[in-house]
Amino acid sequence: MCNIPGMAQPLNILLVDDNGLRASIIEEGLREAGHANVSVVTTVAGLVKRIERLDPDVIVVDLENPNRDQLEHFFQVSRAVKRPMAMFVDRSDTAEIEAAIEAGVSAYVVDGLRKERIKPILEMAISRFNAVSRLARELAEAKSELAERKTIDRAKGILMKVKKIDEDAAYKLLRRAAMNENRRIGDVAASLVSAYNLLGDA
Amino acid sequence: MAGTSFIRAGYVPLLDGAVLIAAARKGFAEARGVALALQRETSWATIRDRIGVGQFDCAHMLAPMPIAANLGLGPLPVPLLAPMVLALGGNGVTVSNVVAAAMDRAGPAGYDAAPAGAGRALAAVVAARRAEGGQPLRLAVVHHHSSHNYDLRYWLAASGIEPERDVEITVVPPPLMPDALSGGGIDGFCAGEPWGTIAVTRGVGRIVTSRAEIWRRGPEKVLGVRKAFADENPEALARLVLALADAAAWCSRPENFAELAGLLAARDCLDVEPETLMPGLAGRLQTAPGRFRDIADFMVFAGGGANRPDPAHGRWLYRQMVRWGDAPSSDEGAAIAGATFDPTLYDLAMGIGDGNQAASDMTGDDDAATPQGPRGLYDVNE
Numbered sequence: 023m024c025n026i027p028g029m030a031q032p033l034n035i036l037l038v039d040d041n042g043l044r045a046s047i048i049e050e051g052l053r054e055a056g057h058a059n060v061s062v063v064t065t066v067a068g069l070v071k072r073i074e075r076l077d078p079d080v081i082v083v084d085l086e087n088p089n090r091d092q093l094e095h096f097f098q099v100s101r102a103v104k105r106p107m108a109m110f111v112d113r114s115d116t117a118e119i120e121a122a123i124e125a126g127v128s129a130y131v132v133d134g135l136r137k138e139r140i141k142p143i144l145e146m147a148i149s150r151f152n153a154v155s156r157l158a159r160e161l162a163e164a165k166s167e168l169a170e171r172k173t174i175d176r177a178k179g180i181l182m183k184v185k186k187i188d189e190d191a192a193y194k195l196l197r198r199a200a201m202n203e204n205r206r207i208g209d210v211a212a213s214l215v216s217a218y219n220l221l222g223d224a
Numbered sequence: 008m009a010g011t012s013f014i015r016a017g018y019v020p021l022l023d024g025a026v027l028i029a030a031a032r033k034g035f036a037e038a039r040g041v042a043l044a045l046q047r048e049t050s051w052a053t054i055r056d057r058i059g060v061g062q063f064d065c066a067h068m069l070a071p072m073p074i075a076a077n078l079g080l081g082p083l084p085v086p087l088l089a090p091m092v093l094a095l096g097g098n099g100v101t102v103s104n105v106v107a108a109a110m111d112r113a114g115p116a117g118y119d120a121a122p123a124g125a126g127r128a129l130a131a132v133v134a135a136r137r138a139e140g141g142q143p144l145r146l147a148v149v150h151h152h153s154s155h156n157y158d159l160r161y162w163l164a165a166s167g168i169e170p171e172r173d174v175e176i177t178v179v180p181p182p183l184m185p186d187a188l189s190g191g192g193i194d195g196f197c198a199g200e201p202w203g204t205i206a207v208t209r210g211v212g213r214i215v216t217s218r219a220e221i222w223r224r225g226p227e228k229v230l231g232v233r234k235a236f237a238d239e240n241p242e243a244l245a246r247l248v249l250a251l252a253d254a255a256a257w258c259s260r261p262e263n264f265a266e267l268a269g270l271l272a273a274r275d276c277l278d279v280e281p282e283t284l285m286p287g288l289a290g291r292l293q294t295a296p297g298r299f300r301d302i303a304d305f306m307v308f309a310g311g312g313a314n315r316p317d318p319a320h321g322r323w324l325y326r327q328m329v330r331w332g333d334a335p336s337s338d339e340g341a342a343i344a345g346a347t348f349d350p351t352l353y354d355l356a357m358g359i360g361d362g363n364q365a366a367s368d369m370t371g372d373d374d375a376a377t378p379q380g381p382r383g384l385y386d387v388n389e
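Chains as they are written, first to last, in my numbering: chain W, 23 to 224; chain Y, 8 to 389.
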């Protein structure tokens with residue numbers, strides 16, 4: 023790699039995230055921001071050797087990664103890490119640190135790197151972590167909504183069969199029960215379905 | 008009386024998280040007017056970070072962690088207190104079958120009845136390896152600032168093994184220890200239960216000694232509390248301490264062990280088989296297939312002053328941190344470590360004395376320690 027005087031060396035960035043999709047979304051963001059040397063590790067097997075070989079300037083690790091204690095120990099004591107690494111770089115920027123932890127990002131940075139060089143990387147990781155969590159949340163909500171609709175359909179079917187009423191009347195019955203008991207209609211439907219299943223074989 | 012206090016706490020899924028988990032799930036917190044919101048974490052680093060930025064008010068912590076924070080070691084250090092001890096003991100040293108077989112050849116029969124014998128056998132194995140030019144044994148602990156690390160090093164050094172030269176000490180998350188042992192990534196580990204028991208029942212290793220034997224009744228986990236939270240919410244914290252004391256008393260009664268094991272084994276908690284938790288609770292460990300050993304005070308949740316923090320213990324842990332190069336040596340550091348384990352808040356919450364008896368504990372003169380170290384160390388004559 024050439025070293026042009028007056029220009030900063032390109033940063034070596036390593037992403038450690040067992041969520042491969044999220045890792046690739048962040049990798050893409052880093053590449054768009056002009057970082058060419060980005061490596062991604064999704065499994066922890068051989069991670070220490072990878073770090074030794076890559077000698078990264080910045081390591082971004084998802085906060086919930088169970089191997090963080092191991093990684094920190096490694097940064098602290100290993101002779102293989104040629105340069106000391108510390109979590110975050112600007113300890114005075116508490117808002118940023120809080121945002122990172124809230125988003126589920128931790129970052130370890132080689133000692134002596136200027137904080138202005140790290141800040142955009144961290145900010146990008148935080149916003150993309152948040153975007154991925156939002157997507158995951160929306161997906162989970164959509165899934166549970168779909169499941170709830172299925173349960174309500176099943177409960178309506180039970181009421182129609184047992185009470186010999188039509189679909190509209192069955193739905194109204196469920197809705198009234200939900201209002202009377204101050205519960206969600208999906209919860210009432212789920213109780214009905216499980217009660218029916220219990221009694222069903224009797 | 009004020010209304011319900013909402014307290015957020017983090018924990019790592021281990022047997023010694025029992026007191027916090029029982030307080031939240033068996034209604035002990037609620038009964039004392041505390042809504043205790045527990046969050047499971049997968050690493051001590053995340054516990055430290057979340058308490059550091061104030062997402063947790065308190066947490067299940069390795070005993071040296073709040074000392075490290077108060078000494079400004081590691082990332083995001085914030086002032087912490089350890090107003091209560093949550094568990095004593097609970098850890099075992101497990102080695103691979105290969106190492107255990109070599110220890111069997113090196114040691115006399117029954118060498119593992121006490122740490123000194125097990126240490127001599129391990130030292131012989133280490134020496135033989137070095138003579139053959141073999142790789143040094145790789146031993147894993149759960150965290151750098153942990154009693155596992157310091158007790159293991161204490162035991163190795165007392166056995167004539169130099170931790171920095173003769174073995175390699177690394178860090179592995181507890182649930183991954185049995186796999187790392189069977190895969191050959193490590194030759195042994197010191198971790199909390201149930202991971203030693205799980206390694207033995209899977210046939211991948213043997214328990215050769217335990218923390219309760221190396222340092223009997225040494226503090227293992229504490230309640231780490233943000234000092235800012237303690238200062239602003241003294242009443243809520245006192246109620247939490249009372250609730251935890253109730254839970255600790257419940258956890259330590261043998262008739263509750265089966266229920267406790269079921270509670271902890273749940274998928275959203277430790278996610279293990281309940282029977283893997285019983286040996287640790289009862290202090291009767293299967294150290295090798297078909298071999299059982301009763302270990303006194305193996306895992307202590309309450310009784311005999313177990314929950315009262317002792318400044319002498321804080322200072323002893325600090326001495327271990329200094330000994331192994333994790334902290335510079337200073338009188339100030341020792342004072343910080345002692346003050347971290349100040350029992351004043353515990354005494355106030357429990358209604359013991361007027362809280363002033365702590366003062367004598369903090370100015371030296373502690374009866375819990377000899378010049379060689381605190382009571383209960385296996386190689387210190389009392």
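Bear in mind the hints are in silico, worked out from the structure with no lab data behind them.
By construction, the Cβ of each residue, glycine as well, lies at the ideal position given by its N, Cα and C atoms.
Mixed in with the good hints there might be a few duds.
Computed spacing ranges between beta-carbons, pair by pair [what the hints assert, rightly or not]:
no., chain 1, residue 1, chain 2, residue 2, range
1, W, Glu-124, Y, Gly-190, 31 to 37 Å
2, W, Arg-53, Y, Ser-337, 32 to 38 Å
3, W, Ser-61, Y, Val-387, 23 to 29 Å
4, W, Val-62, Y, Arg-32, 16 to 22 Å
5, Y, Pro-86, W, Glu-124, 45 to 51 Å
6, Y, Thr-11, W, Leu-161, 51 to 57 Å
Taking lysine to aspartate or glutamate pairs in the DMTMM-like style, the calculated list, with each CA pair at most 20 Å apart, reads [unchecked claim]:
no., chain 1, residue 1, chain 2, residue 2
7, W, Lys-137, W, Asp-112
8, Y, Lys-33, Y, Glu-266
9, W, Lys-137, W, Glu-120
10, W, Lys-71, Y, Glu-175
11, Y, Lys-234, Y, Glu-139
12, Y, Lys-234, W, Glu-120
So, going through the hints one by one against the coordinates:
1. Hint check: W:Glu-124 to Y:Gly-190, Cβ distance near 35 Å, so the stated range 31 to 37 Å holds.
2. Taking the beta carbon of each, W:Arg-53 and Y:Ser-337 are about 48 Å apart, not inside 32 to 38 Å as hinted.
3. Our hint of 23 to 29 Å for W:Ser-61 and Y:Val-387 is violated, since their Cβ atoms are close to 50 Å apart.
4. Taking the beta carbon of each, W:Val-62 and Y:Arg-32 are about 39 Å apart, not inside 16 to 22 Å as hinted.
5. For Y:Pro-86 and W:Glu-124, the hinted distance range of 45 to 51 Å is not satisfied, since their beta carbons lie about 22 Å from each other.
6. The hint said 51 to 57 Å for the Cβ distance between Y:Thr-11 and W:Leu-161, and at roughly 34 Å that hint is violated.
7. Proximity of W:Lys-137 to W:Asp-112 is assessed by CA-CA distance (about 6 Å); at most 20 Å being required, the pair is judged to hold.
8. At most 20 Å may separate the alpha-carbon atoms for a hinted pair to count; Y:Lys-33 and Y:Glu-266 meet this at roughly 10 Å.
9. Distance check on the hinted pair: W:Lys-137 and W:Glu-120 sit about 16 Å apart at the alpha-carbon level, within 20 Å; holds.
10. Note on W:Lys-71 and Y:Glu-175: the hinted pairing holds, with a Cα-Cα distance of about 16 Å set against a maximum of 20 Å.
11. A distance of roughly 52 Å separates the Cα atoms of Y:Lys-234 and Y:Glu-139; the hinted pair therefore is violated under the 20 Å criterion.
12. Between the alpha carbons of Y:Lys-234 and W:Glu-120 the distance comes to roughly 18 Å, so the proposed pair stays at or under 20 Å and holds.
Figure legend: structure checked against the earlier numbered hints; hints not met, in rising order: 2, 3, 4, 5, 6, 11.
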